[in-house]
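Need the complex rebuilt from these two chains, each delivered in its own frame; the hints are there to steer you.
From first to last, the protein sequence lines are chains A and B. For the first sequence, this note's numbering assigns the number 2 to the initial residue and increments by one for each residue that follows. For the second sequence, this note's numbering assigns the number 3 to the initial residue and increments by one for each residue that follows.
A couple of the hints might just be wrong.
What the hints assert, rightly or not - Pairs of lysine to any residue residues, derived as SDA-like cross-links and limited to a Cα-Cα distance of at most 20 Å, are as follows:
#	chain 1	residue 1	chain 2	residue 2
1	B	K73	B	Y35
2	A	K161	A	D111
3	B	K124	B	V113
4	A	K64	A	L231
5	B	K73	B	A117
6	A	K161	B	L102
7	B	K137	A	I168
8	B	K137	A	R260
9	B	K137	A	D111
10	B	K137	A	I186
11	B	K240	B	L227
12	B	K137	A	E259
13	B	K229	B	Q175
14	B	K124	B	K73
15	B	K124	B	N189
16	B	K137	A	L231
17	B	K137	A	W261
18	B	K137	A	P192
19	A	K161	B	P93
20	B	K137	A	P164
21	B	K137	A	V166
22	B	K73	A	G175
23	B	K137	A	W265
24	A	K161	A	S177
25	A	K161	B	Q88
26	B	K240	B	N189
27	B	K137	A	K64
28	B	K137	A	G175
29	B	K247	B	T237
30	B	K137	A	Q162
31	A	K161	A	R172
32	B	K137	A	L191
33	B	K137	A	R264
If you're looking for bench data, these hints aren't it; they were derived computationally from the structure.
The primary structure of each chain is shown beneath.
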Amino acid sequence: MGPVTGKQLNGPTELRSRLPRPGIVSFALLVVIMAVWELAGRAGMMNPFFFSWPSAIGIEAWKMLLNGELATNLGVTGYAYLAGVGAACILGAMLGLAMGWWRYFGDVLDPYVVFFSAMPRIALFPIILMIFGIGDFSRILIVFLGVFFPVLFNAYMGAKQTPQVLIDVARVFGYSHNRLFIAVILPAALPYLIAGFRIGVTLGMIMVVVAEFFGASSGLGQKIAETAQLYETPELYAWVFYTSLLALLLVWGADYFERWAMRWA
Amino acid sequence: MTDNSLVLRGIHKWFSTAQGPLAVLDDIGFSQYPGEIVTIVGASGSGKTTLLRIIAGLERPDSGEISLNGKAITGPGPERAMIFQQFGLMPWLSVRNNILFGLANTRLSDVDRAARVADAIKRVGLEGFEDFHPKALSGGMQQRVGIARALAVGPDLLLCDEPFASVDAMTRQIMQTDLLNIVTEQNATVLLVTHDIEEALFLGDRVLVFSSRPARLIEEIEVDLEKPRLHEVRTSAKFQELRGKVWDLLQANS
Numbered sequence: 002m003g004p005v006t007g008k009q010l011n012g013p014t015e016l017r018s019r020l021p022r023p024g025i026v027s028f029a030l031l032v033v034i035m036a037v038w039e040l041a042g043r044a045g046m047m048n049p050f051f052f053s054w055p056s057a058i059g060i061e062a063w064k065m066l067l068n069g070e071l072a073t074n075l076g077v078t079g080y081a082y083l084a085g086v087g088a089a090c091i092l093g094a095m096l097g098l099a100m101g102w103w104r105y106f107g108d109v110l111d112p113y114v115v116f117f118s119a120m121p122r123i124a125l126f127p128i129i130l131m132i133f134g135i136g137d138f139s140r141i142l143i144v145f146l147g148v149f150f151p152v153l154f155n156a157y158m159g160a161k162q163t164p165q166v167l168i169d170v171a172r173v174f175g176y177s178h179n180r181l182f183i184a185v186i187l188p189a190a191l192p193y194l195i196a197g198f199r200i201g202v203t204l205g206m207i208m209v210v211v212a213e214f215f216g217a218s219s220g221l222g223q224k225i226a227e228t229a230q231l232y233e234t235p236e237l238y239a240w241v242f243y244t245s246l247l248a249l250l251l252v253w254g255a256d257y258f259e260r261w262a263m264r265w266a
Numbered sequence: 003m004t005d006n007s008l009v010l011r012g013i014h015k016w017f018s019t020a021q022g023p024l025a026v027l028d029d030i031g032f033s034q035y036p037g038e039i040v041t042i043v044g045a046s047g048s049g050k051t052t053l054l055r056i057i058a059g060l061e062r063p064d065s066g067e068i069s070l071n072g073k074a075i076t077g078p079g080p081e082r083a084m085i086f087q088q089f090g091l092m093p094w095l096s097v098r099n100n101i102l103f104g105l106a107n108t109r110l111s112d113v114d115r116a117a118r119v120a121d122a123i124k125r126v127g128l129e130g131f132e133d134f135h136p137k138a139l140s141g142g143m144q145q146r147v148g149i150a151r152a153l154a155v156g157p158d159l160l161l162c163d164e165p166f167a168s169v170d171a172m173t174r175q176i177m178q179t180d181l182l183n184i185v186t187e188q189n190a191t192v193l194l195v196t197h198d199i200e201e202a203l204f205l206g207d208r209v210l211v212f213s214s215r216p217a218r219l220i221e222e223i224e225v226d227l228e229k230p231r232l233h234e235v236r237t238s239a240k241f242q243e244l245r246g247k248v249w250d251l252l253q254a255n256s
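Next up, chain B with everything else stripped away, as it sits in the complex (with noise of 0.2 Å):
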């Protein structure tokens, strides 16, 4: 199991509301190799954020273990990296500080942190933009800086939570085959969490389908699409088989 990078085992969360406790994560575990991306889906509001936010170590699981590269995870640490749904660009920095942001508590000289940041906007495409502040850029031009910071600090882990979910349909789809190839060049390790269907097996090489209130892992899929995987894969006939197979855990599970 050395190699393996994620291991998750038995995690549990409740969150305590009014009427008691809730159950979120229910008995969640699996694992993830290096240069693998994992996709898990499942309906909004079904505790899969929750998961992710254990995993980059911003919350802790109520039981159950988790570890990285034999490592167990007890809070934020600079092998895990993470790109959020509604950004979180500091609007008050620019494109260039925004992900330079990302790489303040690192020991890397000054030299290599501004190297780090010209190959980060270099691989986004966002050349031209680095003075630019948030608020001037598009929805798409916002995550592809937050992709970027995520990349420059070369995490072993790269945790996205519905990245794609605050841009607009058209964007979305170039954004996913874009994040692919980026990834793919850099042989990143990649979980991310999704409610869109095309999205999880676009991207995964596995998806992971999840019940909703609690999350339960119910059924691991390998996704043996050719690869690299371009737009096209889309309207393949394997690919639709996978997703009528996804929709109907999902139906047959909410």
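Only chain A is shown next, with the shape it has when bound in the complex (with noise of 0.2 Å):
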């Protein structure tokens, strides 16, 4: 985490320099492993019924695309995951800090927080549609309930680990008890929201999915379950396909959050 003082060195300087750019080689890896994947589904090399190849999925993957279908889709699926992982995150991010400024208050809520940490909260999931019925507001509370808890656990982690000295500091130099919170509390916790907001954003991604397994009419998950009992196999791994590409979008986008939030570290 320090500053870069120097060139890390991995192994002989010697044959590194001379061997390409390790991306350029994953590139070179990726079209190997399309061109023997597609020519070995060519060559009926795989059950079309379990597999596909590049070619078939990106013909469906194109289709979609033009169809609006993957835009309608990707809309009910965005919808939920926002709007889930949105509240989770706020919320979240909150009650965690609370429970870490007022220590008594933490202290009683920290088994509950312990127990729903550890419990696969989708196995709510039956009890949520049970009541509430299949719709939005059944994948929105899951996707909640999936992000809620480690958002809350690192962000009452962060405000808890706050080094003493900077509350020494603020106090010394005349902070009041609630603006310490905001001027030193909430920017100390700060790395710790934001690893908590990372493992929310793909968690979201995995409970948004396989919620609409069950529980919807449309959506990227729901598409995935439905092509699978068909046996539409080149449009079930197009949308496997764009589910993977959305989550790595996410993915990128909290790296670019955290850099640009923590550029002072």
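So this is what it looks like as structure tokens:
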């Protein structure tokens, strides 16, 4: 985490300097894998019921993009995702920081946080469906529950670990209880908060897709489940591809946000 | 007694432990004149830091009276500033904003604050580093920020808790000389706690020797070394004699 003081050496520089850049090799490897996969598929070496290959998947992916099917389902998934993850990040951060700040309050709720953090919260989904039925609210709620606890836990830890000396400094220089929270606890907890958000971003994606398997009439997860049941294998792989692409973009976004928010570190 | 800057009388402090109450401070009393530099020397963990925290208003004594310029101390106040052993810089703030952090609760205008920050940065020799974050600075430079933050407030009393214990030996000696010059220039009243006998003698007009566990004031030593003190004073016969005296006192009371 410290400042970069020199070039890091990963072995004999002599050898490393003669090799091509790792990114180039990564890309070349991808091309090779795709080519082998494609050839194996066309040569009939894979059962088309269960597997597909790049060109077939690409055609379906392209069709979905053109006929608006992708946009429609992306919208459904994106709505539940953003609503659930957004609410969980805001409320989880607030409650977690409050628990770290008011130690007594934190100590009271601590066992509940530990319990719900450990619990596979997707197990609650059948109960949620039973009570609220299949619909946006049920999916938003399960995404919320999935993301809320890790965000809360990180915010709680972040507020609790604030170095005592920083709190002392603020008190010596006349900061009131409330101003101390804004000026010290919140920024000191920021690295933990962001780590929590990062977990939330990926976990939220898992939650929304799984929720759509069972409790949706559209959305990326619902499409994956539906095409699998109908053995529309190239479409199935295309939906998995788009879901993965979305997750990748979200992780990149989270990386970018982290670097921006932590530019002082 | 009105010209006394700091007055302590009968300060007691106990910590509660699993083995029952532990006396940390035992009947501490002394006073300090404005512009005087008093150093407290004692073994590590002897309760010196607790005393400093009490004077800063971060902790309350179990009994005793404590006042600054005739006003009883009941909590932190803008007439006292403190320098911490672990620097206590906010890692997310630049050098400039760390110093501004100490001024946030004063009634100064933004212009006055900026002027104070610029002045403090100049005094500690950190010009050109205003926009650096603490991580990019050495330990010595970080403590310079800590000193600047405290000085910018313009306190009547500057409390220093082992300020140079976390920097390397050479930097420590340089910073001791620099601190002495800065506080002398500002005619600041300084109370500094250390376990380093040389530091206590080099910086102090008067050295208070504390016993350990519980901390008790065992001797006051006037340091009649010429001022301004140059680095060379450390090798003088007088300095070595005082050093031996403090050493013997600490040995006999540890």
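### Query
Which hints from the list above does the structure break, by number from lowest to highest?
5, 6, 9, 14, 16, 26, 27 and 28
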